[in-house]
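There are 2 protein chains.
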Amino acid sequence: MSKINNQNLSEIEWGIMRVLWDKGVLSVKDVWNKLYPNGEKAYTTIQTYMDRMIEKGLLRKEKIGLVNFYQPVVQQEKMMSQATDRFVSNAFGGSFGHLAAFLVGSGKLSSEDINKIKKLINEAEGE
Amino acid sequence: MSKINNQNLSEIEWGIMRVLWDKGVLSVKDVWNKLYPNGEKAYTTIQTYMDRMIEKGLLRKEKIGLVNFYQPVVQQEKMMSQATDRFVSNAFGGSFGHLAAFLVGSGKLSSEDINKIKKLINEAEGE
DNA sequence: TTTAGTATACTACAAATGTAGTAATAAAAC
DNA sequence: GTTTTATTACTACATTTGTAGTATACTAAA
Chain A
1 MSKINNQNLS
11 EIEWGIMRVL
21 WDKGVLSVKD
31 VWNKLYPNGE
41 KAYTTIQTYM
51 DRMIEKGLLR
61 KEKIGLVNFY
71 QPVVQQEKMM
81 SQATDRFVSN
91 AFGGSFGHLA
101 AFLVGSGKLS
111 SEDINKIKKL
121 INEAEGE
Chain B
1001 MSKINNQNLS
1011 EIEWGIMRVL
1021 WDKGVLSVKD
1031 VWNKLYPNGE
1041 KAYTTIQTYM
1051 DRMIEKGLLR
1061 KEKIGLVNFY
1071 QPVVQQEKMM
1081 SQATDRFVSN
1091 AFGGSFGHLA
1101 AFLVGSGKLS
1111 SEDINKIKKL
1121 INEAEGE
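For the record, the sequence lines run as chains A and B. So in the working numbering the end of the first sequence lands on 127, straight run, no missing numbers. So in the working numbering the end of the second sequence lands on 1127, straight run, no missing numbers.
One or more of the hints may lead you astray.
Quick list of in silico lysine-lysine cross-link-like pairs, DSS-like style, CA-CA up to 25 Å [what the hints assert, rightly or not]: (1) A:Lys41 with A:Lys61; (2) B:Lys1034 with B:Lys1063; (3) A:Lys116 with B:Lys1108; (4) A:Lys119 with B:Lys1118; (5) A:Lys108 with B:Lys1119; (6) A:Lys119 with B:Lys1056; (7) B:Lys1116 with A:Lys118; (8) A:Lys78 with A:Lys116; (9) A:Lys118 with B:Lys1063.
The hints are simulated quantities; they were obtained by calculation from the structure and are not laboratory data.
Model the full structure from these sequences, guided by the hints.
Listed below in structure tokens is the structure:
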């Protein structure tokens, strides 16, 4: 039974989740084509990943004809939130403010980003 | 030779790094006491971690008397920056703005956090 | 100078991760 | 109807991670 989902995703797992969140329901081949159009990884490697991700409760599959179609079990928002929590707790000692300040001070944000943030802050404060 | 440092840290490795960044130079025992005052992990487990972290180029050690003292090789800022890059690229498709917006919209920031961010933004724009 | 206490160095091993090959099966093409 | 092609299912294996025990060696105490 899908062990209360709370693990870290590896880079490849994130990639797989992203295309599935984006496209909805896909076969291994679809995902593979999307992620590795030049065959950087073997097809069966991705197959293995995706089947292991079912065991982890991240995906589920359904066979239609002879092809398996996979889809996310976990919501993107939820996963992002959990991952952010874990990341902040590891890298920023649990302080979201620290991370936010780091972002603002890091030069990693474009001026559009900054404007969007200001707007969001104003909206949030307006309520 | 310290293979250009670019790996992910596990939760435990982050913990070790954090106490070392904080305190400077410590023995295994010091770190262990700090992180697991109730012996949640075996002393030798931490020893193993710290020695592996030397191979990964994260720490270095120096023997004084019969005790090894460990210290970080990589700067905290740099590590945080790299880790943030990787995290954003995995979880937010590479968009820092997305992460920042997510943070502001998530309710994870306190009002002091928000104020600090506004101040930082103003300062940044003032220059 | 034998003994008891520490810290180190080395070894061990299971689980998870990264990577992919091969066997089997079904459909399509000939 | 036999061959080829597409997929899946299963197996394999090296590396890394998590966890810790044991053997050594040195210091301090008795």
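Hint by hint, here is what the structure shows:
1. For the hint pairing Lys41 of chain A with Lys61 of chain A, the CA-to-CA distance comes to about 21 Å; that is within 25 Å, so the pair holds.
2. Restraint check for Lys1034 of chain B and Lys1063 of chain B: satisfied, since their Cα atoms lie roughly 20 Å apart, inside the 25 Å limit.
3. Simply put, Lys116 of chain A and Lys1108 of chain B have alpha-carbon atoms about 18 Å apart, close enough for the 25 Å limit, and the pair holds.
4. Among the hinted pairs, Lys119 of chain A with Lys1118 of chain B is consistent with the structure: their alpha-carbon atoms are about 11 Å apart, no more than 25 Å.
5. Our distance criterion of 25 Å between C-alpha atoms is met by Lys108 of chain A and Lys1119 of chain B, whose separation comes to about 17 Å.
6. Between the alpha carbons of Lys119 of chain A and Lys1056 of chain B the distance comes to roughly 43 Å, so the proposed pair goes past 25 Å and is violated.
7. Between Lys1116 of chain B and Lys118 of chain A the alpha-carbon distance is near 12 Å, which keeps this suggested pair within the 25 Å criterion.
8. Using a Cα cut-off of 25 Å, the hinted pair Lys78 of chain A and Lys116 of chain A holds, with the two alpha carbons roughly 22 Å apart.
9. With a C-alpha separation of about 51 Å, the suggested pair Lys118 of chain A and Lys1063 of chain B falls outside the 25 Å cut-off, and the hint is violated.
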